[in-house]
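A.B. asks: Here is how the chains run, residue by residue.
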Amino acid sequence: MTGSGPHLRAGSEPHLPAGSGPDPTTGATAEAAGGSVRAQVPVRRPSGTARAAALRLALMALPVAFFAAFFAYPVAAIVGRGLREGGHWHLGRIGDVLGDPGIRHVLWFTCWQAAASTALTLAVALPGAYVFARLDFPGKRLLRAVVTVPFVLPTVVAGSAFLALLGQNGLTDDLFGLRLGTSVWAILAAHVFFNYAVVVRTVGGLWAQLDPRQEEAARMLGAGRLEAWRRVTLPALGPSVAAAALMVFLFTFTSFGVVQILGGPTYSTLEVEIYRQTAELLDLPTAAVLTLVQLAAVGAILAVHGWTVRRGEASLRLVDGATTAHRPRGGERALLAAVLAVIALLILLPLGVLAARSLDAPGGYGFGYYRALGAQDSSGTFLVPPLETIWNSLRYAAVATVIALAIGGLAAAALVRRAGRLMRGFDALLMLPLGTSAVTVGFGFLITLDKPPLDLRDSWLLVPLAQALVGVPFVVRVMLPVLRAVDHRLREAAAVLGASPARVWREVDLPFVGRALGIAAGFAFAVSLGEFGATVFIARPDSPTLPVAVARLLGRAGGVNYGQAMALSTILMLVCAASLLVLEAPALRRGTHRGADLTGEL
Amino acid sequence: MTAVTGTELLRLEGAAVRFGARTALDAVDLTVAAHEIVCVLGPSGSGKSTLLRAVAGLQPLDAGRVLLDGADQAGVPAHRRGVGLMFQDHQLFPQRDVGGNVAFGLRMHKVPRDRREPAVAALLDLVGLPGAQRRAVAELSGGEQQRVALARALAPEPRLVMLDEPLGQLDRSLRDRLVVELRRLFGQLGTTVLAVTHDQAEAFALADRVVVMREGRIAQSGPPLDVWQRPASEFVARFLGFDNITEATVAAGHAVTAWGSLPVPDGTPEGPCHILVRPAGVLLRPPGDGLPCEVTGRTFRGGRVALLLHPDRGPALEAECALRDAPAEGARVTVAFAAEDVVVLPGEPAGSAEPDAMEAPTAGR
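From first to last, the protein sequence lines are chains A and B. Note that our numbering has the first sequence beginning at -2, numbered continuously upward. Note that our numbering has the second sequence beginning at 2, numbered continuously upward.
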């Protein structure tokens, strides 16, 4: 859903070398040396194919039911309510809506800003991908974790940060009188801020594992340095660049929080327009048409993405990513400096300004705004002190994480064996909530889940359920490559040594999956924490979440509200960053590349 | 150790496995006696690994039966069969250290800790890695991994140990040493072994009995020396590295071939057949009487030299001679054939029996 900031490499397949042996190169060496040592026993397990299929279906049952009840049904209901009247479909409305010049303007803006954001992100982040993949410099691991922070940051926080940087009375306003607050530049900058990590991780993760000797071989055959890169490395990276670009396009195409906060009245994406039509103008037919348009666009983007990823699975010669980096030399030092400068300006500065603004209280620097958060609001914006929203958010996010882990874990288990068109469809279905209008889902929840058998109108579960919808794709994407990377013969080895199937799962799978489970949980938690588009509809007035509170504070005039919004955003940022750094901690501490590889899947 | 008369431990009856249209195992009948070491030999894709997987319970049969100690194993899952399998690329558990890997099977069999630790130590001593318990498997060399994998497979004391290309990834000299060690070890322990390899030298050094497989069927089975001396078919002969094979017609104690008339052992049935001349039976003679040839290649093998000869008539020949007798490349020689090294090959007609060129070992060439 689009209200949340985080991004992931949907449909990404493992860039881990196949097989989970300790040395990813052994397979290749053995093949090269022996040629014949690999018997041609198919690794697939034909044992009771029917039983395996039945098991897969059983594993899929709960995720499918979940998606049917909490995604398909609400979205369908909204579309139906908008386009059905008196028992008849009014499909002519689609034409009416799309013919409207205002809507056409929105569509045009949505497309071109997404294209521009994608191009800009690639231009800024590809050098970063190279630097993180191939250069060795002190603090690299920590910096890699830091650039990933925006990746899990709620859009509301990003919007606030760029408002504090570029907006009225923002840093650039104070320093140069430059106000970009409600300009397209602020939107593009925020989009790059968000998606920088998508490119660095997707492309850089693969780049680190490309065997540098391939380029060396080309150079020995007479290719120049650039020529070798263009002929050998670029084609290998191509599919992953395309996949990253499509993901960035998807996320910027459906951008909500950023455009809502930075776009002002002039700029509006489809998603923002759906929100406006639904919540402000109560024009459900128009919202329904726009939802359909967005659904179709997102479906198309995901289909192209899936195709790209599958094509990119072509056998590349991959090596251990930790062995390919080298100290920067010559021009690489300048490149490194440039990349570090970009990171400082684009990622650290907005976050720093946000934190600084939150401390810049009327009575001088201090925690004045933070203290105000704890007080009962006199203006009636909130029924509870804003500080309580932290507790609400944490509670909701924790429940959402549990749901997402259960649903996503089952789905990943069902998808482990690559099989059939049905499973690919299921895989795609799981990704859909990422691109579908969160506003539609949220509003759909309101109108569908208020009667038996699913009467959740007054249930606090509504919020975690909506948030889990966004968490599930993350869980699946993190778990799937890891589950697939477990060599099936390891399980067989355990079975032959006397381990029962349950024991095999515990002894072989769990040690691998355990860590991925932690990472998946962390992502699901951060995403749930930041979910805005759906939550804004369904959170009850007496228990709003952090992002909802930030948006409400920003929506009101006055320096105190603004300061409190900054303070709340800072808290949200810290919580998200903390949950991410906890995930990255094992990789940082142990210095193993294994952990880094896992998050590199995203 | 060569006591093949012991009780029957493993029996396969008409075992068949199909992968789609491909038949990996085709009605295989095989028995292994207790304490016997049987080596299954064949090119890759001949169904050897599938055979092991079927016995282990990792690969269900499409037809036939697997019996262990006389009990049909249908429906018995892998973890209850009580057999050990050493995988061709070892499949050590990367997240466990050496001790953890070796102790795994003991833990699965609920051996208490105080008995596990001495058992692991003893096994590591046995495979020549004393005190390696705490080492990470990632830092082991290929040979060391192989030893750990072996110790791990032996630990639960399985009634049958199966080895899938046990030495496949190791270099030649290490293999030669380990195979001798393995045979001594299995002899010491009285283990019943069913091993699979594509390397005939390994098979002959390790086994009490060799089973040659081809396209899912057993092409020949017997003691190594028998198989080596009397290949049952052209396929087996070529797989063992013998290339001096040609069509022949036997009549009156001689075989008429493209190379001329060859002496054959007494009692050879008359009629058309294929014959093999072992390189040792291709005798170099001074120019004169015999088959004139040109020397086109020489391969040095210790004190012996393998010569590749291009006869004036008939297919290429391989001969063997002592180092000091080796003629130069391009030299003209004349060869004669020794009757005791001429083997009549029964079995299938020519042409259909080309073993995979990449897979055929090159010994003897």
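Please keep in mind that the hints were generated in silico from the structure rather than gathered at the bench. Since this is a predicted model, take the numbers as computed values, not measurements. Please note that the accuracy of each hint is not assured.
[As the list claims (entries may be wrong)] Computed beta-carbon distance windows for the label pairs:
{"no.": "1", "chain 1": "B", "residue 1": "ARG116", "chain 2": "A", "residue 2": "GLY511", "range": "45 to 55 Å"}
{"no.": "2", "chain 1": "B", "residue 1": "GLN189", "chain 2": "A", "residue 2": "ASP133", "range": "47 to 57 Å"}
{"no.": "3", "chain 1": "B", "residue 1": "ASP115", "chain 2": "A", "residue 2": "ALA58", "range": "38 to 48 Å"}
{"no.": "4", "chain 1": "B", "residue 1": "LEU68", "chain 2": "A", "residue 2": "PRO508", "range": "32 to 42 Å"}
[Said to hold, decoys possible] Listing some non-contacts, in silico: residues in chain B with all C-beta distances to chain A over 10 Å:
{"no.": "5", "residue": "ASP30"}
{"no.": "6", "residue": "ARG66"}
{"no.": "7", "residue": "ALA79"}
{"no.": "8", "residue": "LEU86"}
{"no.": "9", "residue": "GLN96"}
{"no.": "10", "residue": "LEU190"}
{"no.": "11", "residue": "VAL257"}
{"no.": "12", "residue": "CYS274"}
{"no.": "13", "residue": "ARG314"}
{"no.": "14", "residue": "ARG333"}
Note that CB positions come from ideal geometry on N, CA and C, so glycine has one too.
A.B. asks: Now look at each hint and say whether the structure bears it out.
C.D. replies: Each hint, compared with the structure:
Distance hint for ARG116(B) and GLY511(A): a CB-CB separation of about 29 Å, inconsistent with the stated range 45 to 55 Å. Distance hint check: the CB atoms of GLN189(B) and ASP133(A) are about 51 Å apart, consistent with the given range 47 to 57 Å. Distance hint check for ASP115(B) and ALA58(A): the Cβ-Cβ separation is about 46 Å, which falls inside the suggested range of 38 to 48 Å. Hint check: LEU68(B) to PRO508(A), Cβ distance near 36 Å, so the stated range 32 to 42 Å holds.
Every CB of chain A is more than 10 Å from the CB of ASP30(B) (nearest about 21 Å), matching its label as outside the interface. With a least CB separation of 17 Å from chain A, ARG66(B) remains clear of the 10 Å interface cut-off, as annotated. The Cβ of ALA79(B) sits about 4 Å from the closest Cβ of chain A, inside the 10 Å cut-off, so the non-interface label is violated. At the 10 Å boundary, the C-beta of LEU86(B) falls inside the reach of chain A, the nearest C-beta of that chain being 4 Å off.
At roughly 5 Å, the least C-beta separation between GLN96(B) and chain A is not larger than 10 Å, which violates its mark as non-interface. Residue placement check: LEU190(B) keeps its beta carbon more than 10 Å from all beta carbons of chain A (closest about 18 Å). No Cβ of chain A approaches the Cβ of VAL257(B) within 10 Å, the least distance being about 37 Å, so the stated non-interface status holds. In this structure CYS274(B) is separated from chain A by more than 10 Å, as the shortest Cβ-Cβ distance comes to about 31 Å.
For ARG314(B), the non-interface assignment is confirmed: its Cβ lies about 34 Å from the closest Cβ of chain A, beyond the 10 Å cut-off. At roughly 36 Å, the least C-beta separation between ARG333(B) and chain A is larger than 10 Å, which holds for a residue marked as non-interface.
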